[in-house]
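Chemist: If you want the building blocks of each chain, they are given just below.
Number of protein chains: 2
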Amino acid sequence: MQCIIKLKEWSKVTQFLKAKNNEITKEMRYVAKNENIDVNKLKENIAKGYVVILANKNHKNLKPVGIGKDLIIKVNANIGASPDKSDLEKELEKLNVVLEAKADTIMDLTIVDDYEYIDEIRRKMIERCDVPFGTVPIYQAVVESKGPGNLTLENYLKVFEKHAKDGVDFTTVHAGVTRNSIPLVNKRLMAVVSRGGSFLLHWMKKHNKENFLYKHFDEILDIAREYDVTISLGDGLRPGCIADSTDEAQIYELQKLGELAEKCKERDVQVMIEGPGHIPLDQIKMNIKLEKHICKGSPFYVLGPLPIDTAAGYDHVAGAIGGAFAGMYGADFLCYLTSKEHIGLPNIEEVREGVVIAKIAAHSVDVARGNEKAIEQNHKMAKARKKRDWNKMAKHVIDLKRFKDLRRKECDGDPALEKADKCSMCGEYCAFKIYQKD
Amino acid sequence: MQCIIKLKEWSKVTQFLKAKNNEITKEMRYVAKNENIDVNKLKENIAKGYVVILANKNHKNLKPVGIGKDLIIKVNANIGASPDKSDLEKELEKLNVVLEAKADTIMDLTIVDDYEYIDEIRRKMIERCDVPFGTVPIYQAVVESKGPGNLTLENYLKVFEKHAKDGVDFTTVHAGVTRNSIPLVNKRLMAVVSRGGSFLLHWMKKHNKENFLYKHFDEILDIAREYDVTISLGDGLRPGCIADSTDEAQIYELQKLGELAEKCKERDVQVMIEGPGHIPLDQIKMNIKLEKHICKGSPFYVLGPLPIDTAAGYDHVAGAIGGAFAGMYGADFLCYLTSKEHIGLPNIEEVREGVVIAKIAAHSVDVARGNEKAIEQNHKMAKARKKRDWNKMAKHVIDLKRFKDLRRKECDGDPALEKADKCSMCGEYCAFKIYQKD
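Protein chains in written order, with this note's numbering: chain X, 2 to 439; chain R, 2 to 439.
Same shape as in the complex, but just chain X (with noise of 0.2 Å):
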């Protein structure tokens, strides 16, 4: 078979191919048992491209996590500097809130002029961070050409490459950027809103030349499948608001993303596809269709979507909302918004708060699509809420923290009060003191 002799080609495989040979590996065990799930059906799933694990070989004291078909749905948190705000302490506190928070994986946005800082900040968080760690190595490699004009592959594939021996388990490449496109963004209200897809659309009008990531992106694979490094194929062209949503630059990205991910598993190199953005409820669900479709089941990690521009200040509510319709229709990835989206750089509280907002979307579907443990957790609240037992109720709410300082408040620091058989919702009025009292 195929996978064979590209086995004895390679110095390490990936899950991928190891899957693909029937072979299972202990991050299988580890995500299988986590997700209560059989370790065979995982590993089918993983042979076909529908899921993925991400692990960097050289990620030490990581916890696998799977993505895809069957899994409860993750939640990455986006932190790190930008040029205006650039504070390295403050950044890894932002790691260690967002972990407390349980992002499920975490990616290092980091951009500034100093690329030694870029380099200074990813070693510390991925030191730390024991789920997945993201990273967009474009991001370093314009700082490193000294703007997105100058970008070289090759300056490109140094910066992929320290990225992936640092132990990055995913990273967002925007390959499917392509010229034929640029006519396309013109047409838009927004024109380009990713950060990665307007460095390519400058160099490709600068240099009249086809995305160097599209032309080259078997040299990029060589990489990534040499450490196990996720492609998360990044949608450059994302909408920028609903007016751009589903339009033809969309979608004729997500055909090069389709043909891209074939790519990726042809060499055995774990794909999955990053998502709109911007979309309007009643076309999330032809999005996700389409995705499915296009890419043959390869995991979906949307951004948001936002169902409406106007929720400036909400826009990690918003995409709540709008995560929470994706993953009723079949994404597998979400990755939070912030209070301060289309505002500013958030805050370290803010950043928490994001996190359990997209875990609270995250699990309103597990539930609905039947995860055990998870109705399992709500069940177990009902019954604690039905006794009026607050310590109980403490261990199975989504968000301990927030939950304790309310009740804090509440009580006002009484202690009588803490203990006392009610709330100040209804006070003696208490619907289920009425019923029990019969």
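Zero decoy hints are in this set.
Given that identical chains are not distinguished, each listed pair holds provided it fits within a single copy or across any two copies.
Distance condition first, Cα-Cα at most 20 Å in a straight line; then the derived SDA-like pairs of lysine to any residue:
#1 K434 to N187
#2 K387 to E419
#3 K70 to L291
#4 K86 to A417
#5 K286 to G331
#6 K387 to N187
#7 K159 to D219
Think of the hints as simulated: they come from the structure by calculation, not from any bench.
Mind docking chain R on chain X? Use the hints.
Modeler: Showing chain R alone in chain X's frame:
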């Protein structure tokens, strides 16, 4: 025609009867203009019972609001004092805040031991409230009767009439909680979580009699039709956790509500149906379709629904997710939830945030349903965002207060930053700028 005969019998008539008699009222004109729809079409929908116009004849300075088919989704905010937190000034402040946050309707759920105080709060609120105002008369009836066990029809009707005379536009009536449902409630994990429902179950068990609201429903309708109070048929048996959702008790009650809605319609009293509660995402469509089928297209007023039980501290967000699904499948009216739901009585800021978040869910559905005004607002926002025109964005954002607060913090009071053509998220690496530079 029968309705003409009725017209002669009554001193005053409802919007419903006028619509049936092909008469266009000033309230219908107001609503049609506000919603940018054809007034004849609106009148037909009212005549069929698909739309209600909330407008008690005694409510001075009211801007009437339509709820139902082909109209934008409305949001209700519950306020009111509880036995443990009773402060008239605070509740009036909440009223101002929810009006500012653009709640479409307000319900006063005050239940305190002093019934004169309940009268005072209600009257002061109605005086200041220019949107439709709702109450749950059984709360005050229980107080006036000194406990749910002592409720009498006479007491209830006296309170109901007082509310109607004061100008209450809609009232929750838990007439569908009937004796046969008692064994069904006992099968549940959470039994009953509606206060009104618990009062009536208690009364029925104590007296071994049928729910007097059910038996004497016609007498309630006599008052409702005189003042054109819209009956909001309460779901006293709404599930209190996802384990109980769409269960026998809930569906049994819904059938009773369908029967009672028919009675309202026969007597030309406007009616809407209140709905669950706690419903996982996969059961929401079914619940909406069931209500629309059983209650022959009556407007559906949903509380949440909450798709999970474990989001305590974030029930406003979980409710917005559930509300958006409900809206997409045909719910007409969303009752907000606050972050304090299941924890305590919300404070002013929590009430404000609750309204905004429910409005985000409603607006997302309006956009998806193709409402032109809603879509236009989003396009204007996108155009302003493209230009980084923060002043223009402020005109189109759903919550101006939060937007300004976050911007102010972001710019740290620095006027140069406020005018600067950037935000701290991407700084110089802004996708728009890179694209527009070309």
